[in-house]
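Chemist: Generate coordinates for the entire structure from the input sequences, incorporating the hints supplied.
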Amino acid sequence: MFDIIYLLEMIGVVAFAISGMIVARSKNMDPVGVFTIGFITALGGGTLRDLMMDNHPLYWIKHQEQPILILCMALVFSYWHRAERIRESRIVFPDAIGLGIFSILGAQLALDLGHSWFIASLLGVMTGTFGGALRDTLCNEVPYIFRKDHIYASISFAGCWLYFVSQWYFHNETVPLTIGLLFIVIVRMAAVRFDIRLQRDHG
Amino acid sequence: MFDIIYLLEMIGVVAFAISGMIVARSKNMDPVGVFTIGFITALGGGTLRDLMMDNHPLYWIKHQEQPILILCMALVFSYWHRAERIRESRIVFPDAIGLGIFSILGAQLALDLGHSWFIASLLGVMTGTFGGALRDTLCNEVPYIFRKDHIYASISFAGCWLYFVSQWYFHNETVPLTIGLLFIVIVRMAAVRFDIRLQRDHG
Amino acid sequence: MFDIIYLLEMIGVVAFAISGMIVARSKNMDPVGVFTIGFITALGGGTLRDLMMDNHPLYWIKHQEQPILILCMALVFSYWHRAERIRESRIVFPDAIGLGIFSILGAQLALDLGHSWFIASLLGVMTGTFGGALRDTLCNEVPYIFRKDHIYASISFAGCWLYFVSQWYFHNETVPLTIGLLFIVIVRMAAVRFDIRLQRDHG
Numbered sequence: 001m002f003d004i005i006y007l008l009e010m011i012g013v014v015a016f017a018i019s020g021m022i023v024a025r026s027k028n029m030d031p032v033g034v035f036t037i038g039f040i041t042a043l044g045g046g047t048l049r050d051l052m053m054d055n056h057p058l059y060w061i062k063h064q065e066q067p068i069l070i071l072c073m074a075l076v077f078s079y080w081h082r083a084e085r086i087r088e089s090r091i092v093f094p095d096a097i098g099l100g101i102f103s104i105l106g107a108q109l110a111l112d113l114g115h116s117w118f119i120a121s122l123l124g125v126m127t128g129t130f131g132g133a134l135r136d137t138l139c140n141e142v143p144y145i146f147r148k149d150h151i152y153a154s155i156s157f158a159g160c161w162l163y164f165v166s167q168w169y170f171h172n173e174t175v176p177l178t179i180g181l182l183f184i185v186i187v188r189m190a191a192v193r194f195d196i197r198l199q200r201d202h203g
Numbered sequence: 001m002f003d004i005i006y007l008l009e010m011i012g013v014v015a016f017a018i019s020g021m022i023v024a025r026s027k028n029m030d031p032v033g034v035f036t037i038g039f040i041t042a043l044g045g046g047t048l049r050d051l052m053m054d055n056h057p058l059y060w061i062k063h064q065e066q067p068i069l070i071l072c073m074a075l076v077f078s079y080w081h082r083a084e085r086i087r088e089s090r091i092v093f094p095d096a097i098g099l100g101i102f103s104i105l106g107a108q109l110a111l112d113l114g115h116s117w118f119i120a121s122l123l124g125v126m127t128g129t130f131g132g133a134l135r136d137t138l139c140n141e142v143p144y145i146f147r148k149d150h151i152y153a154s155i156s157f158a159g160c161w162l163y164f165v166s167q168w169y170f171h172n173e174t175v176p177l178t179i180g181l182l183f184i185v186i187v188r189m190a191a192v193r194f195d196i197r198l199q200r201d202h203g
Numbered sequence: 001m002f003d004i005i006y007l008l009e010m011i012g013v014v015a016f017a018i019s020g021m022i023v024a025r026s027k028n029m030d031p032v033g034v035f036t037i038g039f040i041t042a043l044g045g046g047t048l049r050d051l052m053m054d055n056h057p058l059y060w061i062k063h064q065e066q067p068i069l070i071l072c073m074a075l076v077f078s079y080w081h082r083a084e085r086i087r088e089s090r091i092v093f094p095d096a097i098g099l100g101i102f103s104i105l106g107a108q109l110a111l112d113l114g115h116s117w118f119i120a121s122l123l124g125v126m127t128g129t130f131g132g133a134l135r136d137t138l139c140n141e142v143p144y145i146f147r148k149d150h151i152y153a154s155i156s157f158a159g160c161w162l163y164f165v166s167q168w169y170f171h172n173e174t175v176p177l178t179i180g181l182l183f184i185v186i187v188r189m190a191a192v193r194f195d196i197r198l199q200r201d202h203g
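Going down the list, the protein sequences come from chains A, D and V. Oh and the first sequence: position 61 is 61 in UniProt numbering, straight run, nothing missing. Oh and the second sequence: position 91 is 91 in UniProt numbering, straight run, nothing missing. Oh and the third sequence: position 153 is 153 in UniProt numbering, straight run, nothing missing.
Read the hints as simulated data drawn from the structure, not as lab findings. Treat the hints with caution; some may be incorrect.
Any copy, or any two copies together, can satisfy a pair, since identical chains are not distinguished.
What the hints assert, rightly or not - Derived EDC-like pairs (lysine to aspartate or glutamate); straight-line CA-CA distance at most 20 Å: (1) K62 <-> E9; (2) K27 <-> E141; (3) K62 <-> D112; (4) K62 <-> D3; (5) K27 <-> D3.
Modeler: Given below as structure tokens:
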């Protein structure tokens with residue numbers, strides 16, 4: 001059977017790992033640092049989610065092909081991708097993909113375990129944002145979630161609710177998944193492109 | 001039935017959330033940042049406690065009215081509380097309330113689960129101090145627990161032991177709770193007011 | 001019965017606690033700060049390991065003599081060990097001992113719980129490096145794992161694999177343990193002494 005959830009998870013892991021490795025390379029880290037940042041960015045959100053919901057074994061312990069894939073990616077990145085100053089634009093897209101996939105899948109897992117929409121949306125936001133927040137903290141960047149320059153966590157939150165409502169409306173699996181995911185990715189890209197924020201600075 | 005433990009937990013959550021939101025506003029964060037810091041400050045200690053003692057579901061997942069309350073507080077704070085430079089004095093009181101309540105309740109939960117007084121006091125200190133430590137770290141302040149200017153964690157530790165001893169002495173629930181709680185809040189306020197510390201600097 | 005695993009764990013806890021307390025004293029922390037850093041350095045890796053593998057109660061909750069020992073050490077250190085500028089050389093040896101012991105024991109626990117060699121080696125590296133990484137982060141040093149000046153995590157990873165292979169070869173408990181442990185400690189000391197690194201800087 002073709003398992004859409006597993007495929008999405010894999011895409012999310014790869015996207016977040018790429019975003020982490022680009023940042024790690026821009027800091028001129030060695031291969032171990034590149035792997036560590038890639039691993040933490042890709043699997044940090046899911047690990048927090050599984051710990052908080054007591055969902056054992058952790059998903060990367062159950063699916064060891066995911067850390068193996070990240071290890072291979074780290075080797076390729078370290079010897080092939082030149083260390084260079086970070087270009088923000090190259091991270092925004094993989095980060096948005098990872099944010100979208102992990103937010104929706106985290107929220108869905110919470111629903112599966114019987115939690116309410118509100119709790120599920122919080123757990124979705126945590127799953128979607130935690131890996132990226134660790135990446136930015138460990139690489140001495142201000143995490144997106146604490147930057148005021150563009151909306152980030154609120155897109156994930158809104159995307160989860162859009163997903164719940166369309167699930168309730170469509171009685172279907174793939175349509176709501178597509179709606180929630182596209183919403184998060186597109187709005188996030190638009191927020192960066194058109195400079196959308198929640199609050200203007202007022203000294 | 002009037003549940004004193006639940007009421008105290010609620011007061012502790014509100015007090016810590018206020019302390020977090022004051023700091024977040026002083027850093028001019030947007031509403032999502034204010035909610036995030038408030039949430040982490042109020043629920044971080046209890047989450048660590050529940051994870052370490054394998055006490056599932058986490059208490060904010062079980063009592064979803066707590067994150068909902070924090071969300072409402074964050075909205076009110078963001079649009080009503082002017083962003084201004086932090087005045088230390090306004091945080092010390094809510095922080096002391098939260099420290100007292102979570103230390104005692106964390107220690108009590110550990111006793112309920114059959115742990116020794118020593119382990120319970122360590123878990124009490126972690127429950128009481130972790131939320132505030134995350135708040136200060138995320139807002140680029142030095143956490144109280146690592147500041148030498150006033151005693152902090154040692155008050156929580158002493159308060160837990162005072163609570164255990166008075167529990168053993170009084171065979172009662174509310175008297176030891178009151179003693180432990182008042183001790184922590186009053187000594188903490190006095191430590192800040194009268195500049196009590198464990199160690200003077202010696203270059 | 002003479003329990004070699006328990007003895008090693010105790011040595012690892014003491015070694016990591018010493019490394020943490022030396023750093024904490026060099027930052028002129030008060031006794032509570034010294035205890036906190038010692039506790040987190042010594043028990044952080046094992047706590048992460050137990051949480052990730054859902055191995056409850058946590059080992060310092062089960063063996064309360066370990067935090068009690070750390071508390072006694074913190075008191076001795078605070079009043080006896082003069083606060084002074086850190087000399088890197090004094091931390092490298094206890095840190096290498098702790099790294100070796102916790103990497104191997106973490107990996108072994110993962111094998112006991114039925115995980116694959118690859119997952120066990122990742123959990124071994126996390127167990128071995130997490131305490132030291134927290135110590136360095138909390139004391140405002142760059143964690144070894146993110147420094148490029150000498151290899152660190154890769155030694156732990158290689159040591160775990162050497163341990164697995166010699167276990168498979170020798171059908172024995174103590175020989176592989178000794179091989180894995182000595183490998184990590186000696187190679188780590190040599191890496192610092194002879195300046196071995198994975199990657200030269202290329203601006």
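Chemist: Each of the hints needs a verdict: does it hold here or not?
Modeler: The hints, checked one at a time:
no.	hint	in the structure
1	K62 <-> E9	within (13 Å within a copy, 27 Å between copies)
2	K27 <-> E141	both (11 Å within a copy, 17 Å between copies)
3	K62 <-> D112	both (18 Å within a copy, 16 Å between copies)
4	K62 <-> D3	within (16 Å within a copy, 31 Å between copies)
5	K27 <-> D3	neither (37 Å within a copy, 45 Å between copies)
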